[in-house]
Every structure is written in C-alpha cells, then in structure tokens.
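First to last, the sequence lines map onto chains A and B.
Numbering of the first sequence is given in the working numbering, commencing with residue 3 and proceeding in unit increments.
Numbering of the second sequence is given in the working numbering, commencing with residue 3 and proceeding in unit increments.
One or more of the hints may lead you astray.
Per the computed footprint, the stretches of chain B lying under chain A, defined by three or more beta-carbons under 8 Å from a beta-carbon of chain A, are [stated by the list, open to error]: (1) 22-28; (2) 107-120; (3) 161-170; (4) 300-307; (5) 332-340; (6) 373-381; (7) 385-397.
With a Cα cut of at most 27 Å, we get these calculated DSS-like pairs of lysine-lysine [unchecked claim]: (8) B:K9 with B:K351; (9) B:K409 with A:K211; (10) B:K19 with B:K9; (11) A:K260 with B:K351; (12) A:K262 with B:K19.
What the hints contain is simulated information worked out from the structure, not anything from laboratory work.
Cβ atoms here follow ideal geometry from the backbone N, Cα and C, with glycine treated the same way.
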Amino acid sequence: MIRLISFGVGAIFTLALLIAAFLPREAAVEDPAAKFHKPHMHVEFAHQGIFGTYDRAQLQRGFQVYKEVCAACHSLHRVAFRNLADLGYNEAEIKAIAKGYDVPSIDDKTGDASTRPGLPSDRFPLVYPNDVAAKAANNGKAPPDLSLIVKAREGHEAYIYSVLAGYETAPAEFQVPEGGNFNPYFPGNVIAMPKPLSDDQVTYGDGTKATVEQMSKDVTAFLTWAAEPHMEARKRIGIGVLMFLSVFFIVAVNSYRKIKAAVNSH
Amino acid sequence: MGFHWAKKYEPQSGLEKWLDERLPIIRLVHDSVGAGYPAPKNLNYWWNFGSLAGLFLVVQIVTGIVLAMHYAANQAVAFDSVERIMRDVNFGWLIRYMHANGASFFFIVVYVHILRGLYYGSYKAPREMLWILGVVIYLLMMATGFMGYVLPWGQMSFWGAQVITGLFSAIPVVGDDIQTLLLGAPFVGNPALNKFFSLHYLLPFVIAGVVILHIWALHIPGSNNPLGIDVKGPADTVPFHPYYTAKDLMGVVAALIVFSIFVFFLPNALGHPDNYIPADPLSTPAHIVPEWYYWPFYAILRAFTYDFLGVPAKLWGVLAMFAAILLLFFLPWLDDSKTRSARFRPVYKQLFWLLVADLALLGYCGAAPAEEPYVRISQFAAAYYFIHFLILVPIVARLETPKPLPKSISEPVLPGAAAQPAE
C-alpha cells in the first residue's frame, strides 16, 4: 500500500516537473547593461591575508579623504570618534576631531533642540536629519551610510575601489539617464553619485601623491576598518586558537591511537 | 538496553554507592557513553558526525544565550543592537561570528550524518524510531535556522521572511490566515520579529529534548555499522569508553579547527552581503536567496512553473518542498531491502551517489537567480529527487540481489582474508 501511494505521489510530482521542463520558454531578455559591465578591478591591501594588519598611515589618509570628500553626503554613523584611536590618533587629536563636528543635543536651559561640539564618545553625526531630506538633496537617491559598506557589497574592497576609481565616459551606444553617471563597475552601470574623486583633490600631509587610484585605495582601506574594526584582534586570536587546537589535535590523535592499539591487542 | 556482556557499573566508593541508591546518574553515564555501552568495533569516521552535531548544538545554545543578553528584538533597533554587539560588546564579534558560522556547521555535520544514515541503511529496522526522531530534529533545525536568520533584521532577513512566510499564502482558502497567524500581522514587521525571537530561543531546547530521545532510541538496538549487520557477540564490540570517547574527541578537535578557520579568517564567507544592509521594506534585493542549507529545497520550490491539473504552480512548489522532507519519515518502509549497508547493495550504492550529485545540483540552482538555464536544470534535478525516493528506492529494494554478507563483524569476510580492522 505504501508503495502504491509512493509511486503515485512520485509520478504526479515528476509529471508536473517534466511538463514544465519541456514547455517552451520565452526568449531570455538580454540585459542591455550586461555588455558594458566590468568585473571588479584587482586591488591589494596590507590588511588582506591571514597575518594582514591595517596600514595606519593609509587609514589616516583614507580618513582624510572621507572627511574632506565623502562626508559631504555620506554618514558614518556606526563609528564613534573614540574608535579613531585604532588609526593611531592620540586622545588630544581625537578630541580635536570630535570638536570639529556638531552633534544634535538639547539645550539644557530651554529644552529646545540644539547642537553642541562633538565628544570622543559621540558617533559621527548624520549628514541629513532624515532619509527624506537625504533623498530630496540628492536627486531622489539617499547616499548610503558608509559604516558597513565594505561588508554589505558583493566583492567587498575590490568593488568599492572599482566603483570609486572606475568612472568612465559612457560609450556612445549606452544611454545614461538624466541625473545618472556611467560606471561600468556599478550594478546596471548607472550610478547616482557623480564622480567623487579627481587628482589632487586632497593634499596628503605625508606627501603621498593624491591620485584618484591612491585616494580610492586609501578610503577603501579606511572603510574596511570602519566595517570591521576588530579584524586585527580577530586574526591574532585566530592564530593562537589554531595553534592551540593543532597541539590538542596531536594529543587527541595519539591518545586515540594508544587506546585503539590496546583494544586491538586485547 | 544494551548487550548482556556490557560491563555493569559497580560503585567504587561509599559516596558513589550512596549516590547510586538515590540518583544513579553515574550509572546512567556509564551505561550510555561509558565502559558499560558496547559499540560495534568497526565504526568508521563517518560515525563521528553524531557527536559533532551535539557539539554544534551546544555551541549554538551557549553563544545564542550570550547574544540574547545584548540583542533587542525590535525592528527599530534590532540591526543596531547586532552592530553594537559587533563593535562595542567585549568579544561580541567573536560570539556573533561563532553563532552565525555555527549554524552553518551544525547543518554541515547534520547533512553528513543524514547521508551516512542513508548510505549504511541506518534507518532500517530496528532503528526506524531513531531515524524518525532524527528527521524531527532536522525539521526543527530548519525552523530554528530560518527564524534566527530573520533576527539581525538585514535586507535578506526581511525579504527571506517575506518569501518563506509568503509560501503559506499559496494554501487555498486558509493560506492568508495562516500567514497572518505566523507573522502576528498581515505583514513582516515587529510582531513577526518578536515572535521569531521568542521561538528561536525556545526551539533549540526542544531540539535538545528530541536529541535525548534520539540517543535513547539509539541505545535500544545500539549503533548500526559499516557492514550493516547485527552485533552477534562480545567479539564484535568495544566499550564506548575509552574507545569511542577518544575517537570522538579527535573528531571534535578536527571540527573545531575547521570551524575556527571560518570564524577567525572567513567569518562572512557563508553569509550574504545584503544582510549588512538594514531591512528596507521599500527596496527589494535583486536576488532573494535563503541560507545555503535551504538551497536544495528552495530549488524544488521554484522548479514548479506549470499549473499542473489546474492547481497553481506556487502551490505545487510548496507541496513538493514539504513533501521532499516529509517523505524521509516513510523511508524505512519505502526501502524494505533486508540488507542495510550500501557496501552490499551494488545498485542502491550507485543510486546513493546519484542522489548526492542531484542534491549538489539542486543546491547550485537554489542559489542561482530564477532564470534559464537554472530553472530547467532544477526541474530535472527535482524530478530525480522524487523519482529516487518514491520510485527507484522501493523498486530496487525488491529487485536487487545483494552481495553475500559477512558472518559477523569480527569474522573474516571471505575465508583467508584478514579480519575487519577496527578503524
């Protein structure tokens, strides 16, 4: 009986699937953007690999690019000023950086909404008071917060770098809609953000030449740190854990072998 | 419980004797995972995965309890609270990466454990209850994993919940009501998030309970073994402790090494980048994909594109997806071949490997976008899945001529050949 039911159920599902499989398909619509789309550029960072650590000087340069360029539109709301200690800034420097930002506050006499200079314990303030304002100021597309952007995109660092350094003039056959910008590394090739970086846009304190590639790389490294601030501790602990487990594994294998030998000779 | 040659527990000290007369807990341990539990001497490394499943259940419960101390199940702050865990809670990143990767590892070891059962016929008499309880655990794991993935309230959390609960709306007449009941509202929002958090905390303990039943059911007939033949006498067994405790420890350390590589060096490799974007009901991700461990079943769900017999394709998909798992409950009776191990079943052995390849193909299609050629491939692959379990397995069980079985675990397979070495 169970076999009959089983054959019946199996036959019904199989028929439903096979009929569907042999039905003709609508011809696949070719995505017009696909022809011009490019895979991420290859880019290397000091923080990659098992032993990779962040390059502090690069993070500071990246922070400078963020502060002077990106921060005009993009917030970094999950990062606190105190976290900048990771970049090698000392307490006084962090206090000074925080002071440069106005953070929302409440006037303690009147209770009215006001602002005050930032403290190390504050997070980077939002650029726009809310999402609607962000959209209104940017052609209907709110600039995303950058705190997690490196982890939130397929391709991670390589993708962010490619988008920043990969603006091109659109090919004649590709129609870029009003308010859009051509970027073959962005999904769909049309990005709302205008080309943000051009050579010598910032002046690096350490004398590094501020090419578009250099700035893109630096700010990508900075944003990787912003998304994964505990990466160095994670790798360091990981190496210790693996070393411990390897020794433990040798001990476990030997103890098992010994027991096995004793049982077999029994 | 157990074999008559099992070593009896004898309390050594006065205190042990006193305790044994009041709460024989040492006796319980001795009889279930100690020297008093004889296990077949020929178990191979595939038998390590049962204890590994237990390991990852414990990892998930322990890390989950810590995460719940810092997590807030409210749609306004859920995403922020997870990021707080990652940034500001001491070693929060470690706990969360262990939990997120632990879920994947729990599924990996359970899949190996299930496939081992399929290969060596561990579902067959007298172990049907053991198998059924295992399928119950698997179903509970699927539900728990799904609800856990919703909690960070990222884009994939939100849209995954939308798709999965939307399945229930395919059920005629009562579908929409069931969906509303599941979500606590007609939409995916705060009531659903709260409900899922509560159930995500509850279900692991239900799993732990069923695991106890699963182990109890294991101890009645004892473990199956690679030869799939019954234990005949003391020469066929070794005491569980220290033999298999040492072997399981070795497996546990090996598993922890692989687990650590993911937690410390590839923590997001098994996740989806979109889940680092806060949930936005107004923006649908380009491709909504569930976690990898659901891919084969997601592919079966989407393979149905034809309103066969006037029933909507979506309903067929939902029925087939649930049928694909529920049919496992009936497997001990669908396959009534008396020979357990695939080692002695030449046809079934080939079918088994075909099934493994089919599942891999389904998984690949489940991860791919719902377009050609993936849809057509998944239609053939899903058809084979049902043909395998519902048609081929019952037929092969009847028609196949198994190879001759060895007399016992401890005796040579063929005259003159060496005794089965204990692996």
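Verification of the supplied hints:
1. With 0 residues having a Cβ less than 8 Å from any Cβ of chain A, the segment 22-28 of chain B misses the three-residue criterion, and the hint is violated.
2. Only when three residues or more bring their CB closer than 8 Å to a CB of chain A does the claim for the segment 107-120 of chain B stand; here the count is 0, and the claim is violated.
3. Interface restraint, the segment 161-170 of chain B with chain A: violated (0 residues with C-beta to C-beta distance below 8 Å; minimum three).
4. With 3 residues carrying a beta carbon less than 8 Å from a beta carbon of chain A, the segment 300-307 of chain B meets the three-residue requirement, and the given coverage holds.
5. Using a Cβ-Cβ cut-off of 8 Å, 3 residues of the segment 332-340 of chain B lie near chain A, which meets the minimum of three, so the contact claim holds.
6. Three residues within the 8 Å Cβ limit are the bar, and the segment 373-381 of chain B against chain A gives 4, so the coverage statement holds.
7. Here's how the segment 385-397 of chain B fares: 7 of its residues keep a CB closer than 8 Å to some CB of chain A, so the rule of at least three is met and the hint holds.
8. Taking the CA atoms of K9 (chain B) and K351 (chain B), the gap is about 37 Å. The hint is violated against a cut of 27 Å.
9. With a C-alpha separation of about 80 Å, the suggested pairing of K409 (chain B) with K211 (chain A) is violated against the 27 Å cut-off.
10. This hinted pair checks out: K19 (chain B) and K9 (chain B) have alpha carbons roughly 17 Å apart, not beyond 27 Å.
11. For the given pair, K260 (chain A) sits about 34 Å from K351 (chain B) by alpha-carbon distance, which is inconsistent with the 27 Å threshold.
12. Between the alpha carbons of K262 (chain A) and K19 (chain B) the distance comes to roughly 31 Å, so the proposed pair goes past 27 Å and is violated.
Checked against the numbered hints listed earlier, the structure breaks hints 1, 2, 3, 8, 9, 11 and 12; every other hint is satisfied.
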